[in-house]
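Student: Sequences are here, hints too, so could you generate the full structure?
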Amino acid sequence: MGGRIGAIGALGALLAVCLGGAVGVGAAQPVPADIQPLQVPDRTSISVRTLVPGVGWGTDNESEERAGLSISKLYIADYALRHGDGSAADKDLCERMIRKSDDYAADRLFAKYPKAIDAVAAEYGLTATHGEGDWEFSTTSTADVADFLAAKVRSDPDSPILAWMEEPAEKAADGTRQDWGTARLPQILGTKWGWADVGDPEVASASFGPGFTVSAHTYGSAEQQTQDVQAVLWGLIGELTPRRH
Numbered sequence: 001m002g003g004r005i006g007a008i009g010a011l012g013a014l015l016a017v018c019l020g021g022a023v024g025v026g027a028a029q030p031v032p033a034d035i036q037p038l039q040v041p042d043r044t045s046i047s048v049r050t051l052v053p054g055v056g057w058g059t060d061n062e063s064e065e066r067a068g069l070s071i072s073k074l075y076i077a078d079y080a081l082r083h084g085d086g087s088a089a090d091k092d093l094c095e096r097m098i099r100k101s102d103d104y105a106a107d108r109l110f111a112k113y114p115k116a117i118d119a120v121a122a123e124y125g126l127t128a129t130h131g132e133g134d135w136e137f138s139t140t141s142t143a144d145v146a147d148f149l150a151a152k153v154r155s156d157p158d159s160p161i162l163a164w165m166e167e168p169a170e171k172a173a174d175g176t177r178q179d180w181g182t183a184r185l186p187q188i189l190g191t192k193w194g195w196a197d198v199g200d201p202e203v204a205s206a207s208f209g210p211g212f213t214v215s216a217h218t219y220g221s222a223e224q225q226t227q228d229v230q231a232v233l234w235g236l237i238g239e240l241t242p243r244r245h
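The UniProt record's numbering applies: residue 1 is where the sequence shown begins, and numbers increase by one.
By construction, these hints were calculated from the structure, which means they are not laboratory data. Just so you know, these numbers come straight off a predicted model, no measurement behind them. Hints may contain errors.
Lysine-lysine pairs mimicking BS3-like chemistry, simulated, CA-CA at most 27 Å apart [stated by the list, open to error]: (1) K91 / K171; (2) K91 / K152; (3) K112 / K100; (4) K100 / K152; (5) K100 / K115; (6) K171 / K100; (7) K171 / K152; (8) K91 / K112; (9) K112 / K152; (10) K91 / K115; (11) K152 / K115.
Simulated restraints on C-beta separations [as the list claims (entries may be wrong)]: (12) D85 / D200: 32 to 40 Å; (13) G235 / P41: 17 to 25 Å; (14) A231 / S155: 30 to 38 Å; (15) E223 / A122: 32 to 40 Å; (16) E64 / S155: 25 to 33 Å; (17) D134 / G235: 38 to 46 Å; (18) D60 / K91: 37 to 45 Å.
Even for Gly, the Cβ is constructed at its ideal location relative to N, Cα and C.
Tutor: Right under this line is the structure:
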């Protein structure tokens, strides 16, 4: 799994140059005059992180608290795997949550570990992430998700969560095709998706590649998120990551 961390130095240095230095979560940093700001519709929030702590980029609304959707299953799985009872049943439920976005699996694990999301948020310093009540009503931000994934890739690269993200089911447990948003960027190794089952369209996606993580949330359709993400990140990610052979 060394491919997950092998590009830290090159990507971190290049992204720092392109973005005008290290950009911390929620911190506005000056951008050089020759770097054009990346414009994204307000419907979408995007965060990119390298594996160098503090180096990354985000839209102005990247720290905005939004619905966690099924992205919150990443937090539940992380807690269950590291702080749970270590049972094979827990691991199976975690895999189903990540690869198939199985709501039933999430229901069972959250009932067993009702403080999972809040505990992970406290451990990783995820200020917009809250999980009181039902996991389906949890909140997070793209900044929190990108930071969480960067921490996992950096400090726990052999986590089953990352392996499962690398091998998602083509269709989720409810039949939703998992193929939009950050997953459509160059050099992506693994992805987790989220979506609203009722009400207005709302989608999320979170991915990691060699030396970076990226997260997006859109008040809109999967197609709109893919359009927004590709419009601002395709060239940046493509130029800053090494080609895989």
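Student: Now, for every hint given, state plainly whether the structure supports it.
Tutor: The hints, checked one at a time:
1. K91 / K171: holds, 20 Å
2. K91 / K152: OK: K91 and K152 at ~17 Å, within 27 Å.
3. K112 / K100: holds, 20 Å
4. K100 / K152: At roughly 20 Å apart (the allowed maximum being 27 Å), K152 and K100 satisfy the hint.
5. K100 / K115: holds, 23 Å
6. K171 / K100: Answer holds: K171 to K100 is near 7 Å, not above 27 Å.
7. K171 / K152: holds, 25 Å
8. K91 / K112: Holds, because 13 Å separates the two Cα atoms, which is no more than 27 Å.
9. K112 / K152: Given pair K112, K152 holds - Cα atoms ~23 Å apart, limit 27 Å.
10. K91 / K115: holds, 18 Å
11. K152 / K115: Roughly 20 Å separates the two Cα atoms, so the pair holds.
12. D85 / D200: 32 to 40 Å: holds, 38 Å
13. G235 / P41: 17 to 25 Å: holds, 18 Å
14. A231 / S155: 30 to 38 Å: holds, 32 Å
15. E223 / A122: 32 to 40 Å: Once the Cβ atoms are compared, 36 Å apart, the range 32 to 40 Å for A122 and E223 holds.
16. E64 / S155: 25 to 33 Å: holds, 26 Å
17. D134 / G235: 38 to 46 Å: The hint (38 to 46 Å, Cβ to Cβ) holds, given that D134 and G235 are roughly 40 Å apart.
18. D60 / K91: 37 to 45 Å: Hint holds: Cβ distance 39 Å, inside 37 to 45 Å.
Checked against the numbered hints given earlier, the structure satisfies every one of them.
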